[in-house]
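Participant: So the protein sequences, as listed, match chains G and Y.
Residue numbering for the first sequence follows numbering that gives the first Met the number 0, starting at 0 and increasing by one per position.
Residue numbering for the second sequence follows numbering that gives the first Met the number 0, starting at 0 and increasing by one per position.
No wet-lab data here; the hints were simulated from the structure.
There may be inaccurate statements among the hints.
Identical chains blur together in the list; that is why a pair holds if it fits in one copy or across any two.
Stated by the list, open to error - Below, in silico cross-link-like pairs of lysine-lysine (DSSO-like), each with a Cα-Cα straight-line distance of 27 Å or less:
(1) K269 - K115
(2) K379 - K27
(3) K49 - K111
(4) K174 - K316
(5) K104 - K362
(6) K178 - K193
(7) K222 - K193
(8) K269 - K379
(9) K269 - K316
(10) K193 - K111
(11) K87 - K115
(12) K222 - K87
(13) K143 - K49
(14) K104 - K49
(15) K316 - K143
(16) K222 - K316
(17) K170 - K181
Okay, here's what each chain looks like letter by letter:
Number of protein chains: 2
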Amino acid sequence: MNAEIIGVGTELLLGQIVNTDAQYLSQKLSQLGINLFYHTVVGDNMERVKQALSIAVDRVDLIITTGGLGPTMDDLTKEAIAEFLGLKLVAHQPSIDAMEAFFVKRGRTISKNNYKQADFPEGAIILPNSVGTAPGAIVEYNDKIFVILPGPPRELQPMFENHVIPYLESKSDEKIVSKVLKIYGIGESVMEEKIQDILANQSNPTIAPLAGDSELTLRITAKTARNDDPLTLIQPLENRIRERLGDLIYGVDGDTLESVVVNLLTRSSKTLAVAESCTGGLIAQRITSIPGASNVFIEGTITYSNQSKIERLGVTKKTLNDYGAVSYETATEMVKGILHTTGADVGISITGIAGPRGGTPDKPVGLVYIAIADKNGYMKVQEHNLLGERTRVQQTAASIALDSVRRMLLNIN
Amino acid sequence: MNAEIIGVGTELLLGQIVNTDAQYLSQKLSQLGINLFYHTVVGDNMERVKQALSIAVDRVDLIITTGGLGPTMDDLTKEAIAEFLGLKLVAHQPSIDAMEAFFVKRGRTISKNNYKQADFPEGAIILPNSVGTAPGAIVEYNDKIFVILPGPPRELQPMFENHVIPYLESKSDEKIVSKVLKIYGIGESVMEEKIQDILANQSNPTIAPLAGDSELTLRITAKTARNDDPLTLIQPLENRIRERLGDLIYGVDGDTLESVVVNLLTRSSKTLAVAESCTGGLIAQRITSIPGASNVFIEGTITYSNQSKIERLGVTKKTLNDYGAVSYETATEMVKGILHTTGADVGISITGIAGPRGGTPDKPVGLVYIAIADKNGYMKVQEHNLLGERTRVQQTAASIALDSVRRMLLNIN
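If we strip away everything but chain G, and leave its shape as in the complex, we get (with noise of 0.2 Å):
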């Protein structure tokens, strides 16, 4: 099956939302095995919707509508729909007493204008609206599907999940199921040597590569019959790219850097303390993101003077002096510093220069030491050059250390 989405709202050609919806729904129908051919953004128009409508049945077979089922004359999906179809608008009853309830419940008042939310082509397949009071909805029509949803997505994506789902996959005799590798410490050329042979010739299931930011993931896609299980595809081809990747692989699918060092720390019952210079707090920041965070982390603390490290961590006087604040051997009293006031059983340091000032031939921008310690005597000190602006300095600095924290948990290199 072949698709297109069609996204309609003049919010999304004048820039003033990204079209995170067309980006969730290629994602599900990749998943899903249904060629994704097109997005097409056009703007609350009806002309241009229709027109839009018109070259999308001639080129595939599902076509999926975002935004436009508001209350207001703008909204016109169904209307331009109904029109390019030749179908009638009929109220949908079960719709008007939802609208209604959500209305009563939330003590406003119902206009007008709401009730053509309820109006569908006829001979639609309604799909309700957990969250807010536009139902979507699916027209069969000479052998093409037309899928009506609302635009904000935290309405789209449960419609999506609980209702288009079920009703794609009963048009398929196939069951598609994707696990997601994430991968650590390792270039993207790197990681395609590794498993080239393995990528070579793939095609049930699929392997996806894909490089982030400063992280590699692999998406593994399966595709059955409806009655068997696409992960005895999947486990012997994971299991194949482990043992090349090892310990590269820190995760899968939803896990973070920061999710895995919560969870690592959590089922061992030790505490982490940080103590940050160039990345300014951004590892606490990530570190308490974790729900149940507060479990694991006692303290963090953002020294960036020279006065502070002395002070809070206890560097002396005299390291600062011979060997600078951005050095090794700051890290390693800092991190020091953080156990002992702490009483953490893991802690990290990082000093550093993330730019775009403050960089010398000797040290540039970029230069970071990072530490990782325990108080067992565990102590690893690196040091980088990272590329990049100040931003991306920080987050990369950041990534290496719960990447570090994470090796030093699981006794690994």
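Could you slot chain Y onto chain G? The hints should help.
Facilitator: Structure of chain Y alone, referenced to chain G:
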């Protein structure tokens, strides 16, 4: 002039990346007064790219392509445009020279494939790439304009700013300038009420309000003849808006709350220290993301545990026992503590429950105390009940704190 953006890249259709190029270009075209009617995305497929071009030339005058300028077989945007227009691809020697220099500088070997990045449809205007190896191009053909841009935003954006905007401006007798007012501490509907009469019936300049996650912007856009100065139209309108919104306007254009705070501290030669609990380093991270923050930011501390609140900040056991870690009293002692231990001029403390767990009927998720103080005795403690999930609560609390520091430094309430 009417326009369409054609994004070329299978990675967009797989949802591996979101189409930020389309958003960026949409904003810029809107600011230039060019009507953007369509976004299209098509995969790395010669026939489908040519069909998309064929649809586009029938409906717009200006076609901007993004992506598909790399060195691989998959990269075929220039080839498709040349074939579509019946033009030959010819090598551009200055681009070859620049590319060879780029590789030499980085100590990398140039591959044979790279040379195709210097091939362009005959007669094209070449747009140098200041960041990567793929130059862009402009092709004028039968009253239609094709602008060919690389996909990576960090390459596309400077190329558009430095080369395409001047080109498009030269095609127009008009000049368009925008100014953005950045607003914090007020909801969208209240703002619109305050300036309803100004918003109504504006045609030149236009005013476009936009609601972000926790702040608002007003974009004022004026259009004049090429030789006039649009700022003479913008200034009186800006003054009228400032009369209504006053100090709710915290900055203009690229300003952020954190950049404004760093600038105010720098100008008044004051230093800042931050004691965070539920925001977990986010305030420090936002502050230190601003270049030059090291001149004013002395220290941040993330005192997640009660113990660290006691040891680092001198919060008393009695206060923690009597009122709890999330309380007016604890916030007050935290900010006093951070001022005392660091000697900073200005202090911020935050304690709260970011969720999703940790809430109680008395102290629900979203309850946050924010204290701002200076060493001359200024003290303001606020209680907020913030909505949304964990990271939203953290971001909102950080923004309120930064805005409160701004207000203190400006002596406004």
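Participant: Hint by hint, note whether the structure agrees.
Facilitator: Evaluated hints:
no., hint, result
1, K269 - K115, "neither (55 Å within a copy, 54 Å between copies)"
2, K379 - K27, "neither (41 Å within a copy, 48 Å between copies)"
3, K49 - K111, "within (26 Å within a copy, 46 Å between copies)"
4, K174 - K316, "neither (64 Å within a copy, 58 Å between copies)"
5, K104 - K362, "between (59 Å within a copy, 20 Å between copies)"
6, K178 - K193, "within (19 Å within a copy, 51 Å between copies)"
7, K222 - K193, "within (25 Å within a copy, 57 Å between copies)"
8, K269 - K379, "within (18 Å within a copy, 37 Å between copies)"
9, K269 - K316, "between (31 Å within a copy, 24 Å between copies)"
10, K193 - K111, "between (62 Å within a copy, 24 Å between copies)"
11, K87 - K115, "within (13 Å within a copy, 53 Å between copies)"
12, K222 - K87, "neither (39 Å within a copy, 43 Å between copies)"
13, K143 - K49, "both (15 Å within a copy, 24 Å between copies)"
14, K104 - K49, "neither (36 Å within a copy, 52 Å between copies)"
15, K316 - K143, "neither (74 Å within a copy, 68 Å between copies)"
16, K222 - K316, "neither (63 Å within a copy, 59 Å between copies)"
17, K170 - K181, "neither (31 Å within a copy, 48 Å between copies)"
Taken one by one, the earlier hints fail for this structure at numbers 1, 2, 4, 12, 14, 15, 16, 17, listed in ascending order.
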